[in-house]
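Here's the letter readout for the chains.
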Amino acid sequence: MNEVRLDFLKELANIGTGHATTALSQMLGGRLFQLVVPDAQMLPFREAADYMGGLEQTVVGIFVVISGDVAGHMACVYPLNSAYALIRLLTGEETPEIDELGRSALQELGNIMVTSFLNALSKMTDLLLAPSVPGLAVDMAGAVWESILAGAEVAGEVTVIRTRFSAEGEAIEGHIIFLPNEEDFGKIARRCGLEGL
Amino acid sequence: MSEIFVNMGEISSAKDHGILTTVGLGSCVGVTLYDDRAKVGVMGHIFLPRSRPNDQGAPPGKYADTGIPAMIAEAIRLGASKIRLQAKLAGGANLFPNLNMKSLSIGQQNVEAVKELLSKHGIPIVGQDVAGNHGRKMRFFVENGLVSVTAIGREPVEI
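Chains as they are written, first to last, in this note's numbering: chain A, 18 to 214; chain B, 1091 to 1249.
No lab work stands behind these hints, which were simulated from the structure alone. A hint or two may mislead.
Computed list of chain A residues with no C-beta within reach of chain B, every gap over 10 Å [stated by the list, open to error]:
hint	residue
1	A40
2	R63
3	F80
For the chain A half of the interface with chain B, some residues (derived, Cβ under 7 Å), not all of them [to be verified]:
hint	residue
4	I32
5	G70
6	D156
From the three backbone atoms N, C-alpha and C, an ideal C-beta is built for every residue, glycine too.
Take these sequences, add in the hints, and give me the full structure.
Structure, rendered in structure tokens:
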């Protein structure tokens, strides 16, 4: 039962992230992205803190609230080096720090990736998943991650779907994280013909 | 000197010496309780203000309303006197201010809940570095009660 649920989550992640990286690839002039096998887990709260790893490392986090037929939260998290590379590819500018232009470029990129991810799920399930305006933070991984979990007000278990991606010829990698609301997750599963997940 | 890392939702303690550290406080609030005479220190890493019926098995330190009493009990267990306890706070930031999901951010709600509970128990707050939009790391030196707060691109603050 749990196995079926996790497989289903991985499949969702594959489809969603596939669309999201295709959108990213189009923004970056056809650069190819590689998806690493998605990781789907139902984590007890106690283990959730360690899920990100490297809690003191600086990362860029983009956070979105999902509303509509399915409520939930999504986040994209990039290591700082990848964020710089993405800014350079998007704006053509080399910056020593993440300035306003860089922030808005990353925010836009997060927006497009999240929207593509959710659109793919919407099409598959005929359920509305509407993203909010994205929030962006450049900070310690631990602070970004716990703010995301607190924003989602996670209770006993956290359903996390994470896909890592990397770009060909560029040191770009990142995570796309989907935190569906527990009750609404069942709706997605039912629309896909899976009962009682 | 031993350093104990306090994860989200956890409570840890030390007596006489040692460092209690919590890394990556965003909207969470790091709380320390200290009895200067007994040299007892307790640190909590509070995640949300109030416990909820759908989260029965949660560790007490996850929520302010269960965490503060649990921290006080832990301090007393190690020989602290409740009337001598003093508190310090760090965190309660809002990393995604433009999302504005609620009129009061979760960070602010956490800080308010912690302050309310401490005041209910008559524990004074003798230092704090809260709110803003940045993450923090908090280190608590149990031998003297000092707390140092660091953040990316900022000068360390001693509270």
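Inset, instruction - Against the earlier hints, flag every one the structure doesn't satisfy and list their numbers going up. - result: 2, 3, 4, 5
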